[in-house]
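Asker: Single-letter residue listing:
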Amino acid sequence: MENNIAKLRKERKITQEELAAAVSVTRQTIISIESGRYTASLPLAFKIAEFFEKSIEDIFFPGKANNGKTKNREDIK
Amino acid sequence: MKIIKKNLIYCGIICALGIGISVAGVYREDDLLKSVGIALTIVSLLKIAQLFILTRNDERRRKYELSMTEERIKYIASKSSSFVFYITVFCEVIAALILLIFGHAFAAGIVCYVAGAQVVLYLVLYIIFSRKY
Chain R
1 MENNIAKLRK ERKITQEELA AAVSVTRQTI ISIESGRYTA SLPLAFKIAE FFEKSIEDIF
61 FPGKANNGKT KNREDIK
Chain E
78 MKIIKKNLIY CGIICALGIG ISVAGVYRED DLLKSVGIAL TIVSLLKIAQ LFILTRNDER
138 RRKYELSMTE ERIKYIASKS SSFVFYITVF CEVIAALILL IFGHAFAAGI VCYVAGAQVV
198 LYLVLYIIFS RKY
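Protein chains in written order, with my numbering: chain R, 1 to 77; chain E, 78 to 210.
Hints may contain errors.
To be verified - Some chain E residues judged to face chain R by a derived CB distance under 7 Å, without partners named:
| no. | residue |
| --- | --- |
| 1 | S144 |
| 2 | E147 |
| 3 | E148 |
| 4 | R149 |
FYI, nobody ran anything at the bench for these hints, they're computed from the structure. Every residue, glycine too, gets a C-beta built ideally from N, C-alpha and C.
Hey, can you work out the whole structure from these sequences and the hints?
Answerer: Below, the structure is given as structure tokens:
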């Protein structure tokens, strides 16, 4: 599953460590989620969405892996 | 704090076991038992010391408890356990075959029963969990 967590995080100038602390996971988990190697569970996805004040669909979306680069929802449409 | 307490109890049990095994090794004059007992005791004591140090620092304690309970760690542990199960059963079958080839039919039979029991237990638990979830 693709996501744009890294993009949202950089826009708001938040570090991976800060995001990890906010959603009660380790920094390694955030790294794995951003790179697409690990898919967050629903409760964790909700926490991340709540943190960014967005809906889950705006952050997570199904997509083909593209050398680890994330895609925007508009690109998939 | 709950996780650290649980780990302390667990390490305490291992330490006690280690001491017991060392004493048994001394009593029976068995160097292997003594070594295993001493190793278990030392490792568990080191772990207990590490856990006590963690309790003094709130930030470190929080990170430690998080690393023990977060979902990705549980996912990795679950995947590892699953692989170990399959590899273990496979190795047990190979070991049973090797024992048979070398004429140890009784030992091969025991190993086969153990492997079979593991598979049956897995199937039973699979049925139980598939009904529960």
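Asker: None of the hints should be skipped; say for each whether it holds.
Answerer: Evaluation of the provided hints:
A distance limit of 7 Å between C-beta atoms decides the matter here; for S144 (chain E) the minimum to chain R is near 6 Å, and the interface restraint holds. Taken as an interface hint, E147 (chain E) checks out: its beta carbon lies about 5 Å from the nearest beta carbon of chain R, inside 7 Å. Here the hint on E148 (chain E) is kept, as its CB sits about 5 Å from the closest CB of chain R, short of 7 Å. For the restraint placing R149 (chain E) at the interface with chain R, the shortest Cβ-Cβ distance is roughly 4 Å, inside the 7 Å limit, so the hint holds.
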